[in-house]
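Participant: Sequences and hints are given; from them, build the entire structure.
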Amino acid sequence: MDVGLSRVAVRLPRRTEPVGDVLARAGSGPMERKVFTRIYGLRDTPTLAPDERMEDLLAEAGLAALGGGTASLVLYGHTMLTQEFGLRGGFADRLRARLGLPGGAFYGLSHVNCVSVLRSIELARRYLRRPGADPDERVLVLGGDQGSVHDASRVIPGMAIGGDGAVGVVVGAGRSRYRYLGGAVGRDTRFHRNLQLSAAETRLFSRVCQRRVVDTVERAARAAGLTADRVDWVMPHLSNRMFWRAFSAESGIPRDRIRVDLIPERGHNFGGDALMALEHADGTGLLRPGDRCALVSLALGAYFQAVIVEVEEEA
Amino acid sequence: MDRTEIVGHLRTALSAVLNRPLDELAPELSLFDDLALDSTSVIELLMSLEDTVGLEIDPDELGPEVFRTVGTLTDYVEAGFRAGIQAGISGKAAV
Chain H
1 MDVGLSRVAV RLPRRTEPVG DVLARAGSGP MERKVFTRIY GLRDTPTLAP
51 DERMEDLLAE AGLAALGGGT ASLVLYGHTM LTQEFGLRGG FADRLRARLG
101 LPGGAFYGLS HVNCVSVLRS IELARRYLRR PGADPDERVL VLGGDQGSVH
151 DASRVIPGMA IGGDGAVGVV VGAGRSRYRY LGGAVGRDTR FHRNLQLSAA
201 ETRLFSRVCQ RRVVDTVERA ARAAGLTADR VDWVMPHLSN RMFWRAFSAE
251 SGIPRDRIRV DLIPERGHNF GGDALMALEH ADGTGLLRPG DRCALVSLAL
301 GAYFQAVIVE VEEEA
Chain A
316 MDRTEIVGHL RTALSAVLNR PLDELAPELS LFDDLALDST SVIELLMSLE
366 DTVGLEIDPD ELGPEVFRTV GTLTDYVEAG FRAGIQAGIS GKAAV
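Sequence order for the protein chains is H and A.
Sequential numbering of the first sequence, starting at 1, is according to my numbering.
Sequential numbering of the second sequence, starting at 316, is according to my numbering.
Among the hints, a few may not be true.
Not the full set, but computed from the structure, chain A residues with beta-carbon under 8 Å of chain H [to be verified]:
#1 Glu343
#2 Phe347
#3 Ala351
#4 Ser354
#5 Thr355
#6 Met362
#7 Gly378
If you're looking for bench data, these hints aren't it; they were derived computationally from the structure.
Quick caveat, the model's predicted, so the values are computed rather than measured.
Glycine included, each C-beta is placed from N, C-alpha and C at the ideal position.
Facilitator: Next comes the structure, spelled out in structure tokens:
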């Protein structure tokens with residue numbers, strides 16, 4: 001059974017904030033700020049205004065992705081375990097009501113950090129392929145976290161800054177904007193302490209991370225019946241430009257096929273990055289039917305996920 | 316600035332990062348395995364050289380091959396330093 005993904009809906013706060021300002025508030029020195037902005041290419045990060053709420057962005061992204069349709073299951077992939085809207089209680093019920101899915105099943109997917117959104121797409125695919133599934137069923141996948149809830153929690157030392165962005169995409173059987181071709185997951189539990197890694201573990205993580213991401217993309221491509229060099233576009237985790245320059249060198253995939261152009265203005269938005277890059281590439285006319293795209297996420301912990309999709313003509 | 320002087324500046328900068336004196340800096344020393352550096356600390360070292368010796372870092376040219384050994388790092392610094400000088404000359408010519 002073919003499974004497809006709808007066009008991606010992205011919702012962002014109306015303002016951004018300079019990455020240097022966030023780093024300064026989080027206690028980073030001038031040298032670290034220079035590395036993030038100059039070498040990593042991170043300039044601005046989406047930040048909710050005082051009168052905006054992350055819950056609204058998630059609801060709006062979900063409604064836009066549903067496009068007036070319905071879904072029998074909602075999967076919300078998130079990185080942070082504690083969020084403002086979660087602490088207020090009733091989050092799932094409020095969101096279901098706003099999405100027009102009051103009786104639908106709603107699950108959060110966490111504890112795999114920033115691969116949670118692509119992992120949700122994989123789980124949606126498995127759900128749709130379960131025995132007895134209705135061929136018209138659809139799954140709404142939501143993603144995004146409020147990084148700005150606490151400056152210290154949005155800074156991933158030596159890597160990235162997390163912003164406030166939400167994504168929504170519908171996974172369903174049959175023809176859609178993107179046809180799912182294959183996927184792969186990876187994990188390396190040596191780094192399970194996340195942000196509490198020792199200096200030696202951090203060094204090791206930075207050394208093995210690129211190889212593990214390349215390996216995951218190669219396995220996803222094989223699962224799709226391809227080799228990595230036949231992938232037309234890489235829609236990356238928008239952590240920093242430096243990482244993807246190294247990925248290009250390690251994988252042999254040319255830099256101009258890795259869509260890092262959102263990094264300066266939007267940067268990293270937790271699990272939503274690859275879908276945001278896909279939405280941006282499609283919205284700016286880059287993609288053509290038949291193009292194969294590798295959606296890639298990596299996460300502290302460490303987790304790796306890649307999904308290969310093919311762009312289709314829309315009905 | 317010749318290569319010997321560049322190596323001297325690198326040794327000083329690496330000593331500061333590692334917080335220990337470095338007498339010899341053999342080109343084949345691995346930055347990660349032998350000197351226990353990580354990519355972030357190497358980048359910070361390069362940024363400090365921008366301030367001290369006028370090195371011009373081009374982020375687009377900063378790939379993983381730079382981070383392999385003392386020799387590859389020295390090559391990058393030398394090329395960046397020459398590019399900085401060339402840019403200075405061009406700038407003066409334009410004026």
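Participant: Against each hint, give a clear statement of whether it holds in the structure.
Facilitator: Hints versus structure:
A hinted interface residue such as A/Glu343 counts as satisfied when its beta carbon comes closer than 8 Å to some beta carbon of chain H; here the least separation is about 18 Å, so the hint is violated. The criterion of a C-beta within 8 Å of any C-beta in chain H is met by A/Phe347, whose closest approach is roughly 6 Å, and the hint holds. Contact between A/Ala351 and chain H, as hinted, is supported at the beta carbon level, the nearest pair being about 7 Å apart and thus within 8 Å. The criterion of a C-beta within 8 Å of any C-beta in chain H is met by A/Ser354, whose closest approach is roughly 5 Å, and the hint holds.
Because the smallest distance between the Cβ of A/Thr355 and any Cβ of chain H comes to about 4 Å, under 8 Å, the interface hint for this residue holds. Restraint check, A/Met362 versus chain H: the minimum CB separation of about 6 Å is within 8 Å; hint holds. The interface hint given for A/Gly378 holds, since its Cβ lies 5 Å from the closest Cβ of chain H, which is under the 8 Å cut-off.
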